[in-house]
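Generate coordinates for the entire structure from the input sequences, incorporating the hints supplied.
Just so you know, the sequences run in chain order S and U. Under my numbering, the very last position in the first sequence is 100; numbers go up by exactly one each time. Under my numbering, the very last position in the second sequence is 1633; numbers go up by exactly one each time.
Derived by calculation from the structure, the hints in this document are not laboratory data. Even for Gly, the Cβ is constructed at its ideal location relative to N, Cα and C. One or more hints might be untrue.
No farther apart than 25 Å at their CA atoms in a straight line, the calculated lysine to aspartate or glutamate pairs in the DMTMM-like style are these [to be verified]: (1) U:LYS1603 with S:GLU93; (2) U:LYS1614 with S:GLU72; (3) U:LYS1614 with S:GLU93.
Going by beta-carbon spacing under 7 Å, a handful of chain U positions derived as facing chain S [said to hold, decoys possible]: (4) PRO1570; (5) GLN1609; (6) THR1610; (7) VAL1613; (8) LYS1614.
In case you want the letters, here they are:
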Amino acid sequence: MIPASYFFLLSVILFVLGIIAFFLKRDLITQLMSVEIMLNAANLAFLALAKSSNFLDAQVIVFFIITVAAAEAAIGLAIIMLIFRQKKSIKTEDMRSMKG
Amino acid sequence: MAEIFWLIPFVPAASALVLVLFGRRLPKRYVSFQACGAVFVSFGLAAFSFLGLLNASPEHGPLIKTLFSWIGVGAFKAGFSFQFDPLSAIMALVVTGVGFLIHIYSVGYMSQDKGYARYFAHLNLFTFAMLVLVLASNMVLMFVGWEGVGLCSYLLIGFWFEKPSAAKAGMKAFIVNRIGDAGFVLGILFLVMTVGSSEFSAIEAAIGNGLLSQGLATLIAILLFIGACGKSAQLPLHVWLPDAMEGPTPVSALIHAATMVTAGVYMVARLNVLYTFSGTVGPIVALVGALTAVFAATMALVQNDIKRVLAYSTISQLGYMFIGCGVGAYAAGIFHLYTHAFFKSLLFLAAGSVIHALSGEQDMRRMGGLKKYLPWTYPVFLVGAVAIAGVPFLSGFFSKDAILTQAFGQRQYVIWVLGLAGAVMTAFYMFRLIFLTFYGGERLDPEAKKHLHESPKVMTVPLAILAFFSITAGYVGLPAVLGKKADVFGRFLEPVIKPAAEGHLGLGTEWFLILISVVVAFLGIFIAHAFYLKKPGIPHGLVARFPRFYKLLYNKYYVDEIYDGAVVNPLITGSEWIYGHFDLKVIDGTVNSSASAAGFFGKILSYLQTGLVKDYALIFLLGIVIFIGVLLF
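This is how it looks when you write it as structure tokens:
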């Protein structure tokens, strides 16, 4: 039986990796993927919690997160597609029209 | 007796609604049929209710029909309720009867106008508002009618709004009336404050049981009289009526002669208990009336526009009605209102017929000798002129004599003399008008003469009917010398208007007064005859000898100019100064500088925006770290 703390530790590592990837990578697809990693890190934490303390609500939350993540991925990819059609690029530094 | 009198105003209202909404798409024939028919149905209802009233026992109070409770604020209540008693019966009959004839006449007069349906819609709407005014059972609802007729008056004066002068005249009428209405509203508010109700019956009861002090009653009576001055064109608020002649002539006949302008007289007569109780207001009313009667008559002497002569004549005759009310002879005032409705609308419509015949010419200096061209208009015009001049055996004689006799009987000799002076001038200017228009050499415009024609039947028949009533309407109110029962009119009104204290005039005095009235009337006609037929040089000679006086009269005592100088121009220049210094600098300055301040700070803050998603996300992350840090520690 693997202790729950290992799962939490893996969850934290995944989350930090997601953050680092998000800030270091410059194309939108990778950033989207890192957001997904962060979401799944959260999922893992919830599941570890549910397993260790029989806290069933956490499992329900996971279902919600998976649904939201699916929707977010669909919309996010669609937006990236449209941006690429407009700018012929998905580099974040090419998108600066909000600059004051 | 079925209570159907409350339906009287709603028939024209319904018709007006249909005409306003669909009038443009309806055929002309149908529009005329519906508009005239609605007023005729109203007239039928009024006549039916009137007959019921004649048969009712005299101690039976006024019929009151409350349709719904309209305003309820605390203890104060004002119902949408109508009242039918002898006074409102007479008014309703005059409004619908004369109104119906004028509607018929309009069918001919306005037949070529492109705003035909709009005209009849407004005319119906006016009839509705006027009927609400005379049938209302409380001051608040009466005020609704009062403002309603004012609105219709504005709409109809400015009916030909493409003409700047007509649009201006409409606004002038509206604004001058506002001044009077301010007094009127204050009067109503004081009444509501002290009596707690604006029902006429409650006002009378409050005076009966001493709820209203005499000082307050005087204040209320004066404030309401200011309103009456505005609506009935009395000094010093008379300036709007002559300008109101810019409207179509049938409108002048209906609104500015027969009905709306008499609303002030009706109001004073309706509140006769209040005016009698206040004591001091009566003489003021009489004096204002007498001064107006003379003042307006002098201006009528020198006008050249046929309609303006009649307008000043109307102001003058309204003065007589106020003399009647002021000396306590309310019944005589209403009697003059009732006869005046016939002969003055006759005169206006006949003048309209002349104008129509001359393709729009209104200047009497370009008329003359029309007698043989207008075989219908001439005799009815003559009947109207004779009636207003006070020649015996026509309606105007009886009513004017009733007022002057009462003034004499109340020892108001100054008023009486002023009234007689006005009567001489009335006879004079009416016959001046007749002689200039129908007699003498033709001074017609050759272009107008080519189209010269008598008006169609639809116009002349109403004229003939009005002429008939101008002759006979007076026989319901014969002078007291012919027996106590001769004054049917006054006795009919007794449930509303308590007969004035007997003047105690001997039979001889009364005959003497009547004789003076007759002499005065013929004197005026004789002078006019001498001036304008026998020796046409006299008027020019007088003008040459008294050029200043003539100019004063011709320019209407410069009242308009005085108002312009004293009120209008200071207001305009003051407004312009405020516009330049306050609106442009303070208000616009505040708004503009707050906008540029917002822009300035926005510019500074906008440097925070890099446009890079990553920067935003970093700040987001920092925020979360700080947030969690605060939560944990």
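Hints, verified against the model:
For the hint linking U:LYS1603 to S:GLU93, the alpha-carbon distance of about 22 Å falls within 25 Å, and the restraint holds. With a C-alpha separation of about 19 Å, the suggested pair U:LYS1614 and S:GLU72 falls inside the 25 Å cut-off, and the hint holds. Proximity of U:LYS1614 to S:GLU93 is assessed by CA-CA distance (about 9 Å); at most 25 Å being required, the pair is judged to hold. Interface hint at U:PRO1570: violated, since its Cβ lies 53 Å from the closest Cβ of chain S, which is beyond the 7 Å cut-off.
With its C-beta approaching chain S no nearer than about 4 Å, U:GLN1609 sits inside the 7 Å limit, and its interface hint holds. Hint status for U:THR1610 relative to chain S: holds, with the closest Cβ pair at about 6 Å, below 7 Å. Checking U:VAL1613 against chain S: minimum C-beta separation of about 5 Å stays under 7 Å; hint holds. A least Cβ separation of about 6 Å between U:LYS1614 and chain S falls short of the 7 Å threshold, and the interface hint therefore holds.
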